[in-house]
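Visitor: Taken in sequence, the protein lines are chains A and B.
Counting in the numbering used here, the first sequence runs from 1 upward without gaps.
Counting in the numbering used here, the second sequence runs from 1001 upward without gaps.
Because the hints were derived from the structure by calculation, they are not lab data.
A portion of the hints provided could be inaccurate.
[Claimed, not checked] Here are the computed lysine to any residue pairs in the SDA-like style, where the Cα-Cα straight-line distance is at most 25 Å:
hint: 1; chain 1: A; residue 1: Lys277; chain 2: A; residue 2: Arg567
hint: 2; chain 1: A; residue 1: Lys723; chain 2: A; residue 2: Arg567
hint: 3; chain 1: B; residue 1: Lys1142; chain 2: A; residue 2: Asp297
hint: 4; chain 1: B; residue 1: Lys1042; chain 2: A; residue 2: Arg567
hint: 5; chain 1: A; residue 1: Lys711; chain 2: B; residue 2: Leu1112
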Amino acid sequence: MKNDSLFNKEDGSIEGRVFKVSRRDILKAGALLAGGLVFGVTLVRCDNSTKEVTHLSPNVYLKIGSDGLVTIIAHRSEMGQGIRTSLPLIVADELGADWSRVKIEQAEGDVKYNDQNTDGSYSVRMFYKPMREAGATARYLLIQVAAQKWQVPAEECDTENGNVVHKASNRTINFGELVEEASGISVPPGEIKLKEKNAFKLIGKETPIVDLHDIVTGKAIFGADADIKGLKVAVIARCPVVGGSVKSFNDAKAKEIAGVVGVYEVKGVGLPATLSKPLSGVAVVADNTWAAMKGRDLLEIEWELGPNASYDSDKEIAELTEKVSGKGSVRRTRGDFDKARKSAKKVIEHTYIAPHLAHATIEPPTALAVVKDGSCEVWACTQNPQGARKVLAEVLGLPEEKVKVNVTLLGGAFGRKSKPDFIVEAAVLAKASGSPVRVQWTREDDLHHDYFHSLSVQRAVATIGKDNKLTGWSHHIAYPTIGATENVAELQPSDGELGLGATDFPYDVPAIKIETYDAPSHLRVGWLRSVRNIPQVFAIATMMDEIAEARGVDPVAQAIELLGEDRQITFSEEILDGTYPNYGEDIANYPWETGRMKAVIERVAKESGWGKKLPKGSGLGFAAHKSFLTYVACVVEVKVDENKKISIPNVYYAVDCGVAVNVDRIKSQFEGGAQFTASLALKSAITFKDGRVEQNNFDGYQIIRMPESPKNIHVHIIESDSKPTGVGEPPVPPFTPALCNAIYAAVGKRIYTLPIDLGA
Amino acid sequence: MARYSINVNGKTHDVEALEDMPVLWILRDIVGLKGTKFGCGKALCGACTVHLNDNAVRSCSLPVSAVGDGKITTIEGLSEHGDHPIQKAWEKFVVPQCGYCQTGQIMNAAALIKSNPQPSEEQIEQAMQGNLCRCGTYTRIKAAIMDATSNPNA
């Protein structure tokens, strides 16, 4: 590449190196033939030579060039989970490609790639099989051609390192030489055979991420790094209260700043705030970011604050605490809890409080848009490019074919960048100003206007019978629901939210009752890594520790006892007026297996030396939880010093996520998951007064820093042939309760409110 | 607006800017070097770390008017081929997840080992505490710095 900039064409078409796109491989999307057994050959002229390169494109995820180059399309968004590596390596392994010569090309948002909404720890679960089939189909075709050329049976041929090989005659031929003929072949039904496990060279191993070198040299392109000729930067003053609007504004002083080129009102949607549309505000558009920021500081805006202007999150916690002590809507029931309570030897009852949380990705939201000649093209750090495309088409009044969404790397996401509001802002400002515009959110914008993980109040009641058995479990839950962001009339947690740890309470207890309560929303509620599992499992798994203590049994032994014999559990028959969503999968295909849960518990107990004696002020805590179909057990070792300062010398995880695709990235998700959750457990809280967020930056909304972060994180992966399941979110839920239980073991203090405060 | 002549990665750039414009935006919006990242604008996260005369500074809070004839080094100028010992260690341990904070982490670590070639674990933690990582790569960052600074003959 002769030009270092990502965009060197005036029309804004992408031509860069970050996704390792070289000139000859820029294929217009339409030229690729999609789907099943239709194959296409695409002729593309090289810029730097007269040689024509043809491509075998057995499906949308893969292109093999007559020059031998294998290009794999990464259609899911990369946000640190390593998916630009993990899905392509599956294709490459089945194909028998030379991984060091595979190029990864990032897909734009288009339904032809199937699901691109990178969320819910879905990617490997959803695409393991399609990726294998993509590679295996191409492998089949290439082998057919080579076998015919050599006049040998196809079953004697194999692929390796980008070649078809016939070991018996010691012959080898590069994929590139087979491409043209392979394109004419069709695949009879049932002919595609997937490799046996022992033939894998990449799946189940440790493969470094494909963007590694670009990241460490500063060449990786994130949302804010997209650039284009004539680009302006916009910074927006948004209404500090959700649902408010602009009454009037004076931009005279803002326009005096050198570099400010325009000021525009951004019309918000009011209430409901929606999961996709912008908030109301006033945008300053300038030649550079600094001028836009300075201009924004000088805007004089009068807001119509709307009905949320008196919202106070402390008062809300007090109100919900009152509510959860009363009768709610019953959502799951088994046996007779009231009877269990009456006949109990001991009743344990506590209220658990967790705060609002912000995603606080180090890369704040940002997007670049070009709107001209009846079309729109954006570059954005989005988790959901198809969703963004749809909303952009709607807002701009364009057909979807006229909207193109290019996906950059995401500088962290955790659910925030599923929402395209910031991309819509860029597009409406590009349209209004007539220039390409990149909207840049500041840290203050990010913390004030996030789609927050909402606060929760829960009351848990456990009853222990005269036989010392756990006889009853009652869980009372209140929090503003995600649904309220689209419909303010929604007041109660959805089945989906309750299915994240609450209604799937797996323990074999004779009486279970789960109730929920009205909690009106006054903010934009969204989802944060593992979503409702965070508070629900905090309450459940700390209470389980307290129950074990009351019964005089070991908490690990108790978990195994209460999971009962090896079996599959379903929940739907006990859920009232609803079903257990099982993370979007049919429970027949992805059953809840107590045996797998017990196996991770036993493994983590062994690896952590559970039961060992630790010095005074130190302790081990345990929690186990299945989320996103992945079984996780966690032991945290904590040390509390004489000043009540908490340190975390060791974290132990055992995980069963089915087939482990890229072992290194599974480990890194768990390492990072522990650190991410340490922030939530020990540091982070968003509070509202007068409808406004009180925290402004990383001084007020804190996340963990290296000196106080967990020191060693040990990740043990169970060898498994089961279908692979997600690993992005499952590390989060058990960490906080394991930490709380460890603190209790260390210093005898139970934790009922997050973030943890020992008074240090 | 005023004119400044600033030295970045050994090259002089003549720029016209507001005198309070932070070096971060000079680098990103005017010079066109995008490896230095914006995270907080208040020197609280370290994503924008560059070197000013070999010392790690937060470029989001350093006005261009304060640079004078100081030498700025960014991630693009840390090494010619991306092979600074810290960069090599980062690759060896596959430190990054999303990668956004990593150029700031690397610049901070490179300044640390220049001033203290064999830092202790505690010194590493203290020196790196101004650099936030939301993905949580701290254990690998520390391992990489220790590896890059370990003396095999010691």
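Visitor: Could you run down the list of hints and mark each one as holding or not?
Guide: Against the structure, the hints come out as follows:
Taking the CA atoms of Lys277 (chain A) and Arg567 (chain A), the gap is about 45 Å. The hint is violated against a cut of 25 Å. For the hint pairing Lys723 (chain A) with Arg567 (chain A), the CA-to-CA distance comes to about 18 Å; that is within 25 Å, so the pair holds. The straight-line distance between the Cα atoms of Lys1142 (chain B) and Asp297 (chain A) is roughly 39 Å, outside the 25 Å bound, and the hint therefore fails. A hinted pair counts as satisfied when its Cα atoms are at most 25 Å apart, and Lys1042 (chain B) with Arg567 (chain A) does not qualify at roughly 54 Å.
This hinted pair checks out: Lys711 (chain A) and Leu1112 (chain B) have alpha carbons roughly 20 Å apart, not beyond 25 Å.
Hint compliance for this structure: hints 1, 3, 4 are not met, and every other hint is.
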